[in-house]
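*Asks:* Assemble the whole structure, with the sequences as input and the hints as a guide.
The residues making up each chain are set out below.
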Amino acid sequence: GTARAGAADDLMLGGFRLSGEVEAGVREYIERPPESRRAKFQEYEDMRPGFFLNYLRLSLQKPDGMYGMDLYGTRWGFDDQRYEFNVGRLGLWEMFVEWDQIPHVYYTTARWLATETGRGIFTLPSVRPPLAVHNSAPSLDEIALQTNRGLIGLKLTPTPDVEVTTSYQVIRRDGNRDFSMAFGSPGNNFYGILEPIDQTTHDFRVGVAIAREQWQAQFGYTFSYFANANRWVRADNPCFSGTVVATPGCAANDFAAGSPFTGQTSLPPNNMANTFTGALGVNLPLRTRINTAFTYSLYLQNDTFLPHTINPAITSPDLVLPQRSLNGIVQNFIGNFTAVSRPFGSLPLTLTAKYRIHDFQDNSDQITFPGFVLNDKTLEGARRAGRWSWIRQNADLEGRYQLFAPAALTIGVDWQRWDRNEHREVPVSDEFGAKAALDVTPVDWLLARLTYRPTFLRIERYNSAAHAEHAVAEDPVTALQGQSVLLRKFDEAERNIQSVTALLQFTPLDRLSISPTFGYRWVDYIASSLGLQQEQAWNVGVDFAWTPVDRVTITASYSHERDTSKMRSRSRPVTGTGATLDFVDFDWVSNIADTIDSFTLNVRTTLIPSKLDWIVSASYQYALGRIDNSNPIIPKSGTAAQNLTATAQPWPAFEDELATIETALRYYFTRSWSASVFYSFQTFRKQDWRTDTLNPFMGPDAVWMANDSRNYTAHIIGASLAYRFGR
Amino acid sequence: PSPPTPAQTPAQTPAQPSAVTPPSPADAGYVGSETCKGCHEDQWNKFAATKMGRLMLQHPRSAKEGMGCEGCHGPGKEHVEKGGGKGVGGMITFARNDKTPVDKRNQVCTTCHNKGQHLFWKGSAHESRDVPCTSCHVVMENFTPKHNLARATVIDTCGQCHVKQKDQQLRSSHMPLREGKMTCTSCHNPHGTISVSLLKEPWPNATCFACHADKRGPFLWVHAPVNESCSNCHDPHGSNHERMLKVAKPRLCQQCHIESRHPTSPYGRDVSSQKFVLGRACLNCHVNIHGSNHPSGFAFTR
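Read top to bottom, the protein sequences are chains A and B. Counting in my numbering, the final residue of the first sequence is number 728, and the numbers go up one at a time with none missing. Counting in my numbering, the final residue of the second sequence is number 349, and the numbers go up one at a time with none missing.
Hints listed in this document are in silico derivations from the structure and should not be mistaken for laboratory results. Every value quoted in this text rests on a predicted model; they were computed, and no experiment measured them. Idealized CB from N, CA, C, for every residue including glycine. You may find that some hints are simply not true.
[To be verified] Derived list of chain B stretches under chain A, where covered just means 3 residues or more per stretch with a C-beta under 8 angstroms from a C-beta of chain A:
1) 122-132
2) 174-183
3) 256-269
[Said to hold, decoys possible] A few chain A residues that face chain B, going by a derived Cβ cut-off under 8 angstroms, partial list only:
4) 337
5) 401
6) 575
[To be verified] Derived list of chain B stretches under chain A, where covered just means 3 residues or more per stretch with a C-beta under 8 angstroms from a C-beta of chain A:
7) 210-221
8) 247-253
9) 277-288
10) 291-305
11) 320-326
*Replies:* Here it is as C-alpha cells:
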C-alpha cells in the first residue's frame, strides 16, 4: 500500500498504524514414521502433529513512517520456534531482538546398557555382562541436541555517514551427542557412549563505521566466551569391572589385572576470544580506491588439566603433571590490502592488487609430559605437546579489460605461501596460480561467464617424521611406527590444479531466465608415492525461473555432480618386537566416487484471482558413493595372516535418496481471511553397510550404540486459517 | 492526503537528524519525485512502502536521499520533456537491458551503501565480475520481508548462479538451511569481505567458531590441519557423508595417515578390523579429533 496517513481503511492503535497476519492450523499424519525412524525426518524440525500456530506478524508504524515496530514469530511453542522483534526510528536507530531454537536429532535407534548416574557418568552393572547382552539393551529415546539462540542489538545512525552497532548474543546448547571411549589400543575394547552437552557461548560485539564521500573507516570489537558445564565424561569399561573375570566377547587382555574399569575423557574446555578489527577505505585520484583492514584476535584457554588417568592401578611419578593448565594463548593477526584502479582515463582497464597475511601464532606453553597413560590402560613414555603456528600469505594481481562493449577479459596471477613451524611436514610451500575470466553479453538476453584457473603448489622439503620428532620424546620405537616416508598429506603435498567454471544466463523474456552452470576441477598430486593421487570433480546444473503471467511463477533447478579421487596407501603390520614392516606389495589403491543428482521445483499460481492460490514445491536428491579397493600387486611378502590383512576387500556402495513434495491450496474468503489445506510428503532411503547392520556388539571387544539413521516415509495433511489485518 | 514531497518533508519534520536541501526541479535537470509519480504511480506507491522509499520520499536525511527517484535514476528532466518512454532521456533503469555500464549502476547504490557490510565491495568477487546489485536485490518493492531480494529467499537468490551449492542443502548431511534456520548470509557476506570466499568472519575457522566455539581452543593437543582450516575435512554446504565430511570415513583420515597397527582393508574377512570402519570409524577411538585438553590426549582418544 501507499503511505497515505490515516486512510479510512487503516487500523490505528495509539496513533500507530497496525497491521499484521496470523496463521494457525492443525496438522495430522496419514503416515508418521515410527520413533526409531524419525531421526532424519525431524533432524532440525519439530514435527509434532496437532494444533500449531504457524506464524504471527505484527507491525506498528507511525502514519508518517518515521517510527515503527515489527514482531514476527513462527512455529510458536515448538522446539524450533523463532521470534524477531525490532523497533526503531527510521534512519536514526533500530533495536532488534531475536530468539531462535534449533533442535538437532542425531539418532533414535541407539541401544544402550549403561545408565547415567550423574551428568556425564555412565555406569554398567558391576558384574559386566557378556558383550552379546548389549545387543538386547534398552533403546534410548533419542540422541539429540537443542540449541537456543538469543540476540539483542542496537544500531544507531546519528547521521547518514555514521553507524554504531552493538549486540549481545547467547547460544545455549543442551543434550547429547554420540561419542565413544577406548580402553585399549589400537582400536580394541571401546564402548560407544554419549557426550553430554551443556554449553553456553556469550558474544558481545560493538562496531563504529564512519563513511565520508572520499573515505570510510570502521572499527569493531568482539568478545566471545565459551563455557562448558561438563569438562569430562566417564564411562565404565564393558569388559572389566575391576575383578579379573572373563567377560564373553572380550579379549583376555581387556579384562587383565590393571585394566581400567572406568575411563575418563576430556570435553572441550572453557575458552574466550577477543577480536579487534579496523578497516579503512579511501578513494584516491586516478579512479583508485584502496581498502585496508586488520584483525587481531586473542584466543585464551586455561582450564585445569584432568589427571592422566582415573585408573587407580596405574601410578607413577611420571604422571605428576608438570603444570596445572595450558596457559593457552593463540594470537591471530590478519592484514588485508586491496587497491583497485582504472588509471588510464578512457582506457577501460581496471587493475586490482590484493595482499593478505594471516599470522597464526600459538604461544601456549609447550609442555613435555614425562609419561602418559594410553586410554587409561597403559603407562607410556614421555610426550611433548607441540604448538602449531603458521603464516599464510596471499597476493593477487589482475587486470580487467573491456575488450568491447559486451565483453570483458580478466587476466590475473596469484600466489599463496604457507610458512608452518617445524612440527608440520612442510615448513614452506608456495602455490602459484593464474586466472583468466571472460564475461560476455553479446545480446541483451545472454550473459556468459567463463573462468579458467590453474594453480601449482610446490614445496621445499617434506619431513615425514616432523610430527614424531616433536611429539614422541625418548621413544624411538614408537617414532619408527609413525608415518610412512612415502606418504604425502594432501593438504601439504605438491599438486597441480586445473579448474574451469562456466555460467550462462539466458533471459529471452523479461520474466524468464535459464542459467546453466558447469564446473570442472582436476587435482594431480604429482609427488605423492602414497596418499591422495588425483581428484577430479565436475558438475553441471541449471537454474530456471519463469513468470509466464502475473499469476504463475515457476522456479526449478537441477544439478549433477561427480567427485572422484584416487588414493594409494599401504598396509604396515607391526611385529611383536615393535618393528614396522614395509612391503611394496602391501600397497592398496582406493578409487572413491560420489555421484549426486539434485532437483527442485517450486510453482506458485493464482487459480482464481484474489480467491484461490496453489503452491507446490518438490525436491529430489540421490547420492551414490563408491569405494573400490584393489592391490596393484598381490600381497605375498608377509605371513599368511599379514597377507590376508593386506589384501584389499571390496566395499559395497552406499547411497541415499530424499524426495519431498509439499502442496497447498489457499482460499481467500475476504481480504482478511483465508484458509489453506496442505499435503506434505517426504521419503528418505539410505543404504550404508557401515551403519545399517550395526549391532552394539559385532566382534571382539567392541561395543557400539547401534545408532543409525533409518529410512522413513511421511505423509502429512493439514489445514490452517489465516487472518490478515491492517495494510 | 498525498505523501509529502521531498521539498516539503524537511520543514514538516523538524526532528530530522540533519538539515536537508534537496535539489529543486530547476537544478541540473531534476524534476522531483512528484513528477515521476505522475506517470509511474504504481511503482511510486510500491517504492514508498519500502524502508528505502520511506527514507527517500518522506524522511530524507541528506540531499542525496532527498533527490528521491532521481537520486538513483538520474535527472529526469530530459526524459519528461521528451515525453517519457523506455530508454528516453538517458535515465538509469537498472533493468537487465540497461545500457548503463554495471559499475556505474552499482556506483549509484554504493554512494549510500558504502559502510558496514558494503565497505569491501570494490574489488570483491562479485564487483570484479560486474555483477549488478539488481541481480540480487529488487529495490522498488518489498518483494521479500528483508533485504529486498530478487528471489523469495536468500538461498534462492544466491542459487541463481551457485546452483551446486544451493542443491547441496538437500544432501543427507547438511546444516539447517532447508529448514530455514540458516542461510547463505549466515556465513557469507556477498558484498565483499576481508576473508576468503566472502566469509563474514576474518578467516574460515572463525566463521565456524561463531556457532561451534567448543572447537576454538586452544587445546593442549592440536590436530594441525584442524587449526588451519575446518574445510580440510568438512564441506559446510552439505555432503552425502556424515558430519558433512568431504570424503567417506575412514578414507578421509587415511588420506593423511598411514599409521601402523591400523589395518586398512578391514571389510569382509578380518572381523577384528571392522572397528576401524564401522560406525564412527577412526573416531570410534579418536573421539576428540578437533583437539584435546587431556594430558594423555595426544592421539585424541581422551
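*Asks:* So which of those numbered hints doesn't the model satisfy?
*Replies:* 1
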